[in-house]
Each structure stands twice: as C-alpha cells, then as structure tokens.
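The sequence shown begins at 373 in this note's numbering and counts up by one.
I should point out that these hints are in silico values taken from the structure, not numbers from a laboratory. One thing to keep in mind: the hints can contain errors.
What the hints assert, rightly or not - The calculated lysine to aspartate or glutamate pairs, modelled on EDC-like cross-linking and capped at a C-alpha distance of 16 Å, are:
{"id": "1", "residue 1": "Lys514", "residue 2": "Asp478"}
{"id": "2", "residue 1": "Lys484", "residue 2": "Glu428"}
{"id": "3", "residue 1": "Lys513", "residue 2": "Asp478"}
{"id": "4", "residue 1": "Lys484", "residue 2": "Glu459"}
To be verified - Pairwise CB distance ranges (calculated):
{"id": "5", "residue 1": "Ser436", "residue 2": "Val462", "range": "18 to 28 Å"}
{"id": "6", "residue 1": "Val462", "residue 2": "Glu425", "range": "25 to 35 Å"}
{"id": "7", "residue 1": "Arg482", "residue 2": "Glu527", "range": "17 to 27 Å"}
{"id": "8", "residue 1": "Asp441", "residue 2": "Gly531", "range": "29 to 39 Å"}
Since the structure is predicted, the reported quantities are computational estimates derived from the model, not experimental observations. Every residue, glycine too, gets a C-beta built ideally from N, C-alpha and C.
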Amino acid sequence: MSDAHDHGEGEADHGQGGDSGEDGDRGHDHHHDDGDHHHDDDRGHDHHHHDAESVEVAVVTVSSSRSLDEDPSGDHVAAAFEDAGHEVAVRELVPDEYDSVQGTVDRLARRKDADVVVTTGGTGVTPDDVTPEAVDGLFAKKLPGFGELFRRRSEAEVGTRTIGSRATAGIVSATPVFCLPGSENAVRLGVDEIILPEVGHLVGLAGRDADDEDDEEETEGDAGTEEETEGDAGTEEETEGDAGTEEETEGDREASGESADEEAK
C-alpha cells in the first residue's frame, strides 16, 4: 500500500468524530445502562464479571511502503493503549498480501500474551487492499457493529465517501481483532473512541468460555484426585483384608498341625 493510498484513505476517514458526541452517548448508555437485557443473561450472571482490567495488544501495520520507524498510525495505537493502562505485546509490519496478513493475524491471535489484535491499513478499495478479505475467513464471530459505528461517525465530515472504508472486526481464537484504515486520523477515531472503551469487556466475554473450561478442568482434576484418594483407601482396606486372610491361613495351618499331633499320639 503506497503512501498516497494511505493519505487518500485518511482523507476518506479524516476527522470522523462529527457524530461522536451524540452517538457516543448512545453507545455508552446502551452498553452500561441498558438494564438486565445486556448485562445479565437468563441465569442471572453479570456479563461484566469477566471484564479484563488490563490487556496486551498486538499491533500490526499492513503496508508495503512504510516501516515501523515511520509508522504514526501504529505508534498511536501503541501509545493509546499504554496511556489507558494496557500493554503492547508485539508490533509487526506486513506487506499488503493476503497470505501475509491472514497468517500474521491468525498467529498473533493465538499467542497467549496477546489479548487483542489491532491492524492498520489495507481496508480501502484499491486492488492491494486485502485486509478484510484476509481476516474474514478467520472470524469465528463477526462484530459488524464496529464497522457500522466507525463509518457512521465518519459521515459528518466526509459524507457519503465513508462507504469507501471497510473497517471490520471479529473474534479469532477467542481474541478480538480490529482492522482499521491506515490513516492516523482514522486510527485515532477507531482506537480512542470505540476500541478502548470496550476492549476490556470484549476481551473478557470472548475468553469467558476458555476461562470456564479451565475452571471446570481444575474442578474435575480435584474430583479425580479425591477419587484416587478414595481408591487408595480402598486398596489399603483390601491389603488389610489380605493380611487378615493370611492370618486365617496361618491359623488353619496351626490347627491342622495340632490335629495331626493328636492323631500321632
């Protein structure tokens, strides 16, 4: 992806905070104040119980022309996460190639030290913009609301040109993945106004089943230990029973010997 393309995509998404105030309030209230419908499931479990207070982010710059030394968009992702109390697990740069993007996102999403993946670049409409296509097949679940909200907040300044942005998001290997345009302004909007306010909640929910499975495995492991202990106790009882049988056998031998002595007399 050329610098010119990055600039063009930046113009298409430049200053997309036009509707951020009103829409932001609605998004915030919808998430935090929408009562039992969104916070508690039918079993009465609080969805925020699993929220992650701190996460580790993997930052991927998709570009065939930039370098990590000249990567303002990636720099902002990293700085914004760190300023919010999170950590950067890794930063990588990959070319605008389908296999490179797909392989990198898949690998990073599986890392134990990466709770979320954020990519920048490759979401436009030129022939070399392949990020959405590369990650689409990896998504176990899509998060269409991310792209919808991102484009809606762009409309006030760029108008209908916002349809040229294909920002997308989804869950890969229980890890939220967000794909942003390459311009710094677009990254500021996506990270500061959308991703950071929700990342702890999404990370917690996406990894909840895995956490529950770990808890179940530990519980099953404890139960197995108890059964083994009971089994060991049973073995001891059997051993004691065997010892009793040996004593009975010795007693029978002694009685037989006494009988033989009496017959001899």
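Hints and how they fare:
1. Of the pairs offered as hints, the one joining Lys514 and Asp478 holds, with about 15 Å between alpha carbons and a cut-off of 16 Å not exceeded.
2. Taking the CA atoms of Lys484 and Glu428, the gap is near 10 Å; set against the 16 Å cutoff, the hint holds.
3. Using a Cα cut-off of 16 Å, the hinted pair Lys513 and Asp478 holds, with the two alpha carbons roughly 14 Å apart.
4. Restraint check for Lys484 and Glu459: satisfied, since their Cα atoms lie roughly 13 Å apart, inside the 16 Å limit.
5. Checked against the hint of 18 to 28 Å, the C-beta distance between Ser436 and Val462 comes to roughly 20 Å, which is consistent with it.
6. Hint check: Val462 to Glu425, Cβ distance near 21 Å, so the stated range 25 to 35 Å is violated.
7. Look at Arg482 against Glu527: about 36 Å separates their beta carbons, and that is not inside 17 to 27 Å.
8. For the pair Asp441 and Gly531, the beta carbons lie near 35 Å from each other, so the given range of 29 to 39 Å is met.
In the structure shown, a violation is registered for the earlier hints numbered 6, 7, in ascending order.
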